[in-house]
Every structure is written in C-alpha cells, then in structure tokens.
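> Chains as they are written, first to last, in UniProt numbering: chain A, 1 to 270; chain B, 1 to 303.
Hints may contain errors.
[To be verified] Below, simulated BS3-like cross-link-like pairs (lysine-lysine); rule was C-alpha separation at most 25 angstroms, straight line:
no., chain 1, residue 1, chain 2, residue 2
1, A, 153, A, 125
2, A, 71, A, 60
3, B, 287, B, 232
4, B, 118, B, 65
5, A, 252, B, 85
6, A, 139, A, 125
7, B, 232, A, 263
8, A, 15, B, 202
9, A, 137, A, 201
10, B, 209, A, 263
11, B, 133, A, 263
12, A, 15, A, 104
13, A, 210, A, 125
14, B, 153, B, 85
15, B, 146, B, 112
[Claimed, not checked] Among the chain A residues that face chain B by a calculated CB cut under 8 angstroms, a handful are:
no., residue
16, 2
17, 3
18, 7
19, 8
20, 86
21, 87
22, 89
23, 161
24, 260
[To be verified] Estimated spans, in silico, between C-beta atoms of each pair:
no., chain 1, residue 1, chain 2, residue 2, range
25, B, 116, A, 262, 38 to 48 angstroms
26, B, 81, A, 176, 37 to 47 angstroms
27, A, 184, B, 210, 51 to 61 angstroms
Don't read these hints as lab results, they were simulated from the structure.
Glycine included, every Cβ here is placed at the ideal spot set by N, Cα and C.
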Amino acid sequence: MQRNHNHPTIVTIEKVIDETPTVRTLVFSDDVMPNVLPGQFAMVWIPGVNELPMSIMISKESGKAAFTVRKHGPSSTGLFNVPVGGQIGIRGPYGNSFDIKEGKLLLVGGGTGLVPMMRLLTFVKPTDDITVLMGAKSKDEVFFEDLSNELLKNNPHQVIVSTDDGSYGEKGFVTDLVEKLVNDTHYDAVYVCGPEIMMYKTVQFANSRKIFVQASLERMMKCGVGICGSCCVGEDLVCKDGTVFDGEHLSKNSEFGHLHRNKAGILENY
Amino acid sequence: MEPSIATSIGQIQLDKPVMLASGILGISLDVFNRLYASGAGAVVTKSLSTAPWEGYPNPTIFSVKGGGWINAVGLSNPGASNFAKMIEPNQDVPIIVSLVGSVPEDFETMIKEFENCKIKAYELNLSCPHVAKVGLEVGDDPGLVKTIVSTVKKATNVPVIAKVGLGTSNYLNTVSNAVDSGIDAITAINTVRAMAINVETKRPILSNKFGGLSGTPIKPIALRCVYEISSKFDIPIIGCGGVSTWEDAVEFFLAGASAVQLGSAIGDNWVGVFDDINRGILEYMKKNNYSTIKDMVGLAKKS
Chain A
1 MQRNHNHPTI
11 VTIEKVIDET
21 PTVRTLVFSD
31 DVMPNVLPGQ
41 FAMVWIPGVN
51 ELPMSIMISK
61 ESGKAAFTVR
71 KHGPSSTGLF
81 NVPVGGQIGI
91 RGPYGNSFDI
101 KEGKLLLVGG
111 GTGLVPMMRL
121 LTFVKPTDDI
131 TVLMGAKSKD
141 EVFFEDLSNE
151 LLKNNPHQVI
161 VSTDDGSYGE
171 KGFVTDLVEK
181 LVNDTHYDAV
191 YVCGPEIMMY
201 KTVQFANSRK
211 IFVQASLERM
221 MKCGVGICGS
231 CCVGEDLVCK
241 DGTVFDGEHL
251 SKNSEFGHLH
261 RNKAGILENY
Chain B
1 MEPSIATSIG
11 QIQLDKPVML
21 ASGILGISLD
31 VFNRLYASGA
41 GAVVTKSLST
51 APWEGYPNPT
61 IFSVKGGGWI
71 NAVGLSNPGA
81 SNFAKMIEPN
91 QDVPIIVSLV
101 GSVPEDFETM
111 IKEFENCKIK
121 AYELNLSCPH
131 VAKVGLEVGD
141 DPGLVKTIVS
151 TVKKATNVPV
161 IAKVGLGTSN
171 YLNTVSNAVD
181 SGIDAITAIN
191 TVRAMAINVE
201 TKRPILSNKF
211 GGLSGTPIKP
221 IALRCVYEIS
231 SKFDIPIIGC
241 GGVSTWEDAV
251 EFFLAGASAV
261 QLGSAIGDNW
271 VGVFDDINRG
281 ILEYMKKNNY
291 STIKDMVGLA
301 KKS
C-alpha cells in the first residue's frame with residue numbers, strides 16, 4: 001500500500017548516539033526520511049508523551065535517517081529517552097527547503113539548529129568553498145564538529161566553533177563572528193538555523209551586505225499541515241510556507257526576531 | 001451579464017460564498033488578511049473563550065487513510081480579550097467571531113470585549129465534540145441553548161449564528177431552540193466525534209483519545225443535515241463539512257445553504273482552494289444561467 005505522508009509510520013530506534021550530555025541522535029531505518037531536503041521536517045510522535053516537529057538528521061548508513069534532540073521540556077526529554085528498540089511514529093516530510101547555491105557558502109548553526117546544516121552539507125558540490133560556523137554555550141555542548149569536517153573532506157572548507165564562555169574555539173556569540181565574516185569576505189549565500197535572535201541578527205547582517213540569506217524557522221507546531229495555525233509568523237505559516245524563508249522576505253515580517261506565540265496563541269516577546 | 005457569487009446569509013452580506021471555518025488558522029490578523037486576499041468570503045476565528053486556553057498536548061491531529069482528519073486541538077485560543085486587541089485594527093476582512101462558553105454570562109463578557117472591533121457576525125460554537133462543559137454539552141442542553149442565544153441577542157446588534165453538530169440529542173432540537181430564541185443563521189455541521197488507534201503501538205493516537213472527524217468523510221452527513229434544516233426551518237444556513245471542491249459547495253447550495261465554510265481542504269490544498277472553488281462556482285452559474293447564488297439555494301428540495 002502506498003505510504004500516506006500524513007499518516008504516522010511507526011519506526012524503531014536502532015542506535016542512540018550521545019552527542020553531548022544533553023543532546024542525542026536517534027537512528028532508524030526508513031524509506032523516505034533518508035532522502036529529504038535540508039530544511040524539511042517530520043512530525044514525530046512519542047507514544048504517551050507528545051508529538052514534536054523535528055528536523056530530519058542524516059545518517060552515515062544508507063537507508064537510515066535520524067533525529068537529533070536536546071532534552072529541554074517534557075516532550076523533547078521524552079524523545080531523548082526513547083531507547084534502542086523503542087518505537088516512534090513519523091509523518092512528513094513537511095515544509096520547503098534551502099535553495100542550494102554554488103560558490104562560497106556560509107552555514108551558521110546554533111545547537112540543534114545544526115541539523116538542517118548537516119543535511120545541507122550532503123548537497124554541496126566539491127568545488128564549493130564552505131564555512132561552517134557553529135555556536136554552543138560551552139565545550140561540553142559542542143557537537144557535529146568532526147562530522148562537518150568529514151562531510152567536507154573533499155571541499156575547500158573551514159569549521160569554526162564558538163562558545164559563549166570561551167571554553168573551546170572562539171569566545172563569544174556566533175552573531176559577532178557572522179558580522180565579522182560577512183564584512184571581511186564575500187559569500188554567495190548564507191544559511192542559518194538556531195535560536196531566533198541568532199537568525200535575526202544573521203539575516204540583518206547578510207541583508208545589509210546584500211548577500212543571499214535563508215533561515216529555517218521554528219515555531220510552536222500542532223498539526224504540521226497548515227490547519228491549526230499555531231506556527232504563524234505574521235502572515236506566514238512555518239509548516240506550509242517554510243520552514244525556510246528568504247532574508248528579504250523576513251525583513252518585512254514584524255514578528256520574526258521579536259515575537260512568538262505560546263500554546264494558547266498569545267504573542268510573547270523573545 | 002456576468003453572474004455574481006456574492007451572497008447574503010440573512011443580514012450578513014458577503015462578496016464571496018466560501019468562508020474559512022472556525023478552528024483553522026485563526027489566530028493572526030495578518031493571516032486573515034492573506035486568506036481574504038486569497039478569495040475567502042469571510043474568516044471565522046478560532047473559538048474564543050473568556051480566558052486563554054492552551055488546548056491539548058500533541059498529537060492533536062490525525063490523517064484518516066482515504067481522506068479526512070480527526071482533530072482534538074482542544075479549542076486552544078488566546079482568550080477573547082487578547083484576541084479582540086489583535087483584530088481591533090481590522091478594516092477590510094469580514095471576520096466572524098466564534099465564541100465558546102458554558103453559561104450565558106461567558107458570552108456576555110466576551111461580546112463586551114469586541115465592542116470596538118469591526119466584525120461581521122458572531123458564531124456560537126454549540127457543537128465542539130471534544131472539550132467538556134462547552135460545545136456539544138451546551139448544544140445538547142435545550143434550556144441552555146435558549147438562554148445563551150437570548151442573552152447574546154440582547155447583548156449585541158451584530159448578527160448571531162449558531163453552529164450545530166451531531167451530539168447525543170437530535171441536533172434539530174438545538175436548531176429549533178436557537179431559532180425560537182431569535183438566532184439569525186445556522187452553521188451546520190461541526191466535526192463528528194471519532195477516534196484512531198495505532199495497531200503497532202496499540203494506543204489511541206490523539207492525546208485526548210477522542211477528536212472530531214472532518215473533511216470528505218463527513219460531507220454526505222453535513223449535506224443531509226443542511227437539507228433537513230432547510231426543509232424544516234425558515235432560517236439562513238451555512239453549510240460546513242467536507243467542502244473541498246466547487247461541486248461540494250454547489251451541492252450545499254442546492255441542499256439549502258447560502259454559503260459554505262471549509263477547513264480540512266486547507267490541509268490538502270492550502271490557501272489556493274478558495275479561488276479554485278469560487279472560479280468553479282462561477283463557471284457552473286454561467287453554464288446554468290444563474291445570476292446569483294440565491295438562484296441555486298434549496299433547488300434540490302423542489303425535485
């Protein structure tokens with residue numbers, strides 16, 4: 001029977017990789033998820049816990065995909081704690097994806113916002129010159145550095161890590177480095193995913209230099225299919241119009257970088 | 001002369017006959033503007049309560065194989081007061097405010113919040129099938145329907161619509177009580193109480209276990225209800241339930257509805273669905289020499 005992408009498909013977790021004390025990658029076999037585009041997401045049902053929108057992580061093994069989750073609230077902790085052999089339901093993929101440009105590319109990821117960036121790296125051409133900028137709070141929370149270098153081994157590239165406390169890599173916020181990089185170097189495109197303030201500043205810097213920039217947004221999401229409206233940002237729905245938006249479009253959105261909605265739909269400041 | 005797809009539901013005048021149903025996409029004025037620009041004749045808001053409600057945890061929606069959705073979002077909404085502030089700047093969009101409550105006072109309180117808002121009508125949600133103490137539990141209580149409708153009618157000059165659905169009592173009694181108490185129009189129907197179980201995890205899928213079935217599977221039921229209501233009562237009707245094509249909309253007109261609402265079709269076809277349906281209706285009218293929607297309303301009852 002043909003798979004209905006809106007219908008949850010049950011998959012079994014085959015491997016759990018501890019990336020940091022609070023971040024895990026859960027690997028599973030599937031026909032669809034290994035081939036999705038960077039920026040697309042799945043709705044992930046953790047039976048008895050909740051259902052969450054998750055970016056789809058790559059896996060080194062063919063026919064397999066993964067989710068990389070940071071334990072935070074009850075729902076993400078529920079997914080974090082699914083053991084090998086545990087079952088989860090997935091539907092999707094949903095959403096659009098990054099426009100993959102060629103040339104000199106800057107990829108900026110904060111925390112689990114690195115997930116769509118890792119998938120994007122699997123789509124670049126060997127001739128592209130790639131800078132990956134990853135932000136973390138401290139040395140303990142750095143992950144995907146080795147993976148980035150490995151995925152880019154055939155490309156001219158650099159992977160720059162910054163930590164807020166300076167315990168590893170550059171000290172300071174990712175956005176300070178973004179500003180420096182886009183001022184010093186001409187990039188053909190900038191891609192960003194992470195905390196919204198980080199994305200907002202990155203988009204601003206790139207827009208001011210007239211560099212093509214796209215951000216993958218995250219919002220409270222219930223249905224994933226454009227019905228419930230929970231994920232709206234101004235007139236846009238993250239699930240249907242996004243998750244990826246152009247910087248130019250975002251610069252006209254009065255909510256991006258400033259406001260998000262809580263579970264009841266009330267606008268709150270960042 | 002080019003036919004007109006403008007319609008009137010009693011005192012409510014709309015340029016286009018296809019509205020957004022309540023519960024869908026309803027929490028941002030920017031989105032309302034976009035839907036109006038996409039061809040929606042009106043937008044019905046999410047059902048608002050006196051206080052903000054978070055709704056149920058996910059999963060809140062389930063896609064039925066073969067078509068349709070079961071949802072138990074749990075009437076999540078920012079509360080009437082917050083919502084009224086958001087839509088106060090509205091000038092252009094025909095907004096119908098959906099209200100949900102347990103007692104007449106809830107509705108009175110909420111209507112005061114919307115005094116400064118430009119709105120087209122109120123729609124009383126007497127039929128949500130998955131939240132206790134409101135919705136169907138109100139619709140199934142004939143005395144309560146009467147007092148709520150009378151109270152709301154006294155509290156506002158804006159037209160008031162009652163949205164009815166299939167509960168434990170005969171929905172025609174709810175319609176009858178609403179009509180007796182001065183309701184201006186009826187929306188029929190709401191989602192139908194339903195559930196889904198996953199065979200591998202052996203669990204109900206929705207966190208609330210039960211939800212409301214919407215979309216194509218309920219269209220024949222909704223159509224029957226519109227036909228029954230229009231046969232028994234002299235009241236304007238808005239058809240709701242499984243509208244996803246122009247043929248669906250026309251069927252509802254022929255059964256006695258003056259306008260239709262849709263929601264699930266957004267999940268399948270996104271916002272382009274409004275223009276598609278409007279265009280289809282217009283073509284059908286040209287082919288059949290109808291100049292207004294009214295020419296079609298209730299025609300199936302004459303056969």
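> All hints are to be evaluated individually against the structure, with a verdict given for each.
Structure-based check of each hint:
no. : hint                                : verdict
1   : A/153 <-> A/125                     : holds (12 angstroms)
2   : A/71 <-> A/60                       : holds (23 angstroms)
3   : B/287 <-> B/232                     : violated (30 angstroms)
4   : B/118 <-> B/65                      : violated (40 angstroms)
5   : A/252 <-> B/85                      : holds (22 angstroms)
6   : A/139 <-> A/125                     : violated (30 angstroms)
7   : B/232 <-> A/263                     : violated (41 angstroms)
8   : A/15 <-> B/202                      : holds (23 angstroms)
9   : A/137 <-> A/201                     : holds (18 angstroms)
10  : B/209 <-> A/263                     : holds (19 angstroms)
11  : B/133 <-> A/263                     : holds (21 angstroms)
12  : A/15 <-> A/104                      : violated (35 angstroms)
13  : A/210 <-> A/125                     : holds (23 angstroms)
14  : B/153 <-> B/85                      : holds (23 angstroms)
15  : B/146 <-> B/112                     : holds (20 angstroms)
16  : 2                                   : violated (10 angstroms)
17  : 3                                   : violated (10 angstroms)
18  : 7                                   : holds (5 angstroms)
19  : 8                                   : holds (7 angstroms)
20  : 86                                  : violated (10 angstroms)
21  : 87                                  : holds (6 angstroms)
22  : 89                                  : holds (7 angstroms)
23  : 161                                 : violated (34 angstroms)
24  : 260                                 : violated (12 angstroms)
25  : B/116 <-> A/262: 38 to 48 angstroms : violated (24 angstroms)
26  : B/81 <-> A/176: 37 to 47 angstroms  : holds (41 angstroms)
27  : A/184 <-> B/210: 51 to 61 angstroms : holds (59 angstroms)
In summary, the numbered hints that this structure violates are 3, 4, 6, 7, 12, 16, 17, 20, 23, 24 and 25.
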